[in-house]
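**Student:** In case you want the letters, here they are:
There are 2 protein chains.
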Amino acid sequence: MTRFNDRPLDVVGIGNAIVDVLVKADDAFLAAQSLNKGSMALVDEAQAEALYAASGPGLETSGGSAANTLVGLAQLGGKAGFIGRVKNDQLGRIFSHDIRSVGARFETPAANDGPSTARCLIVVTPDAQRTMCTYLGASVQLDPEDLDLSMVSEAKVLYLEGYLWDSPAAKQAFIAAAEVCKASGGQVALSLSDGFCVDRHRESFLELVDGHVDVLFANDSEITSLYQSPSFEAAVEEVKGRCQVAALTRSKDGSVVLAGDQRWDIPAYTLGELVDTTGAGDLYAGGFLHGYTQGEPIDACGRLGSLCAGQVVTQLGPRSQVSLKELVAKHLN
Amino acid sequence: MTRFNDRPLDVVGIGNAIVDVLVKADDAFLAAQSLNKGSMALVDEAQAEALYAASGPGLETSGGSAANTLVGLAQLGGKAGFIGRVKNDQLGRIFSHDIRSVGARFETPAANDGPSTARCLIVVTPDAQRTMCTYLGASVQLDPEDLDLSMVSEAKVLYLEGYLWDSPAAKQAFIAAAEVCKASGGQVALSLSDGFCVDRHRESFLELVDGHVDVLFANDSEITSLYQSPSFEAAVEEVKGRCQVAALTRSKDGSVVLAGDQRWDIPAYTLGELVDTTGAGDLYAGGFLHGYTQGEPIDACGRLGSLCAGQVVTQLGPRSQVSLKELVAKHLN
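Chains as they are written, first to last, in numbering that gives the first Met the number 0: chain A, 0 to 332; chain B, 0 to 332.
Bear in mind the hints are in silico, worked out from the structure with no lab data behind them.
For clarity, every value in this text was computed on a predicted model and none was experimentally measured.
Be careful, since some hints might not be right.
One side of the interface only, derived from the structure: several residues of chain B facing chain A at Cβ under 7 Å [to be verified]:
id: 1; residue: Gly55
id: 2; residue: Pro56
id: 3; residue: Leu58
id: 4; residue: Glu59
id: 5; residue: Thr60
id: 6; residue: Asp88
id: 7; residue: Gln89
id: 8; residue: Asp97
id: 9; residue: Ser100
id: 10; residue: Val238
As a list, the in silico DSSO-like pairs of lysine-lysine whose alpha-carbon atoms are at most 30 Å apart [claimed, not checked]:
id: 11; chain 1: A; residue 1: Lys23; chain 2: B; residue 2: Lys329
id: 12; chain 1: B; residue 1: Lys324; chain 2: A; residue 2: Lys23
id: 13; chain 1: A; residue 1: Lys36; chain 2: B; residue 2: Lys324
id: 14; chain 1: A; residue 1: Lys324; chain 2: B; residue 2: Lys23
id: 15; chain 1: B; residue 1: Lys23; chain 2: A; residue 2: Lys329
id: 16; chain 1: B; residue 1: Lys36; chain 2: A; residue 2: Lys324
id: 17; chain 1: A; residue 1: Lys23; chain 2: B; residue 2: Lys23
id: 18; chain 1: B; residue 1: Lys251; chain 2: B; residue 2: Lys239
Using N, Cα and C, we set each Cβ at its ideal position, and we do this for glycine too.
Take these sequences, add in the hints, and give me the full structure.
**Tutor:** Structure below.
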């Protein structure tokens, strides 16, 4: 199955360029810090510092939703590019090193002044759920002038994270990129990112899904929030036919993939003890888009996404510490 | 058994204040980079940058041998202090946060100029062995004026890492602290750190062990290097009686603990798949010294060290991601 012409890049992503700080804590900590379990909250620098001071020892790792997706795709052998803004500081150099070290193109110039590289404090509770507090820092400085539109026009798929909607400049960059992508014959993929993020930007997202998006990624709370549906199945009915493909993830219940009139129910993979759900949705999208840009059948794309997500939840952190190529060779071939 | 008077601190450590960058790679990478498996090599900033550029994605975590030991002791409930030098930069703030977040006292002022916070690139190979390249950065700026000697005189045990010998100023700080400790009725513990480090400073260490050290930690390659012994058992004979206690670790073969004429052979704990040996010796010392400063029998100290080491090798990184108190409750009570 051929879905695209030959292009030098499979997927180019635009997202917040973030270094994650993973800490373990219990539900009482979430309550004491007024954090909403499972969600992503935006915090300013002072709030970020206060939360960090209250937290236990951390483990630092490059993160960022779209960046995690692109790294997964690159680890599977796909040709990936990323557009996002770090500062020229220690965390910015860590982010830049890590994404380039898997072969992804990352050429957005680092900011030399202004806020520091974005950080996300991720609290992992004993139930493996992750709760995130993001200080966007330098990443909100991404604006249309930063966009390498030549890279966008070289990609089969442009991948956008919904979190970008929280930054007006990044949102403009996002729309400009989507238009260039479409004009050059590429497809646009969007992840809705977070239920509260959908709440904040519902009208924009509804318009975007109908007008610009070819491939939509959402989890059950995001898709029901988008359509304010009474149930997941009601949301499935709403989204059907609005974009070429919708991949709707449901944690341990796997995912539902829709394309035209077709529907596939893809089971979750259980590959070990559930440790940390950080990055599960990101890696699902990375696996799915790798299959999609290689021309795999849609259900195979879903299984590939499901497998990568199943791996990343068995470890602490949002980027796979094992070879995804070997994982695929073991489970899918 | 009471070994010490009441003092406000159990153990104060002096060491290099380092942030670790953990990367996975195979033996071919070590060969290409001329790295000696299992060892610690010192690199300058340019070498550190070149190695990092050649490495895959990393996971960042606070490290430093003595600091890891003190964090383990604090996690077990001991009263810990640490003396070491970071710069006032992002990695320095990570190091400072992590050690303080477990309740350890860390009050050495951060440097406002000069080299950046020390980093150690740790290459973890598929056999779980770790190979380290350390850029000492700001940590070599530790000198006798930085020492909080009041903290040293408040501790039951002063713990020193042999790695400090690679920095002349830190070595002076180290000796000054040992003298204050002894004068105030405390004991001095030393870890030999690394076989190559022992090679570089053999005469100093021999003199130190005979003249200043009450509790010695070494692994088999370090102790045989120290005495240039033909075998581990020959080195055991050499060290016997030279300090009050010697705890000699042997990876999967457990440890040998000597005190006066007595010898205990302590088995290793196997608590899961061997993932990464980083921090095994450090956590052994942390567990041992916790028991020691609580007045536990010497063999119980060895078992506590062995248990903590057995835990840390089942995860990536040198500081336990699980509660050491719960671990002890499960395995030793």
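**Student:** Check the structure against each numbered hint from earlier and tell me which ones fail, lowest number first.
**Tutor:** When the structure is compared with the hints, only number 10 turns out to be violated.
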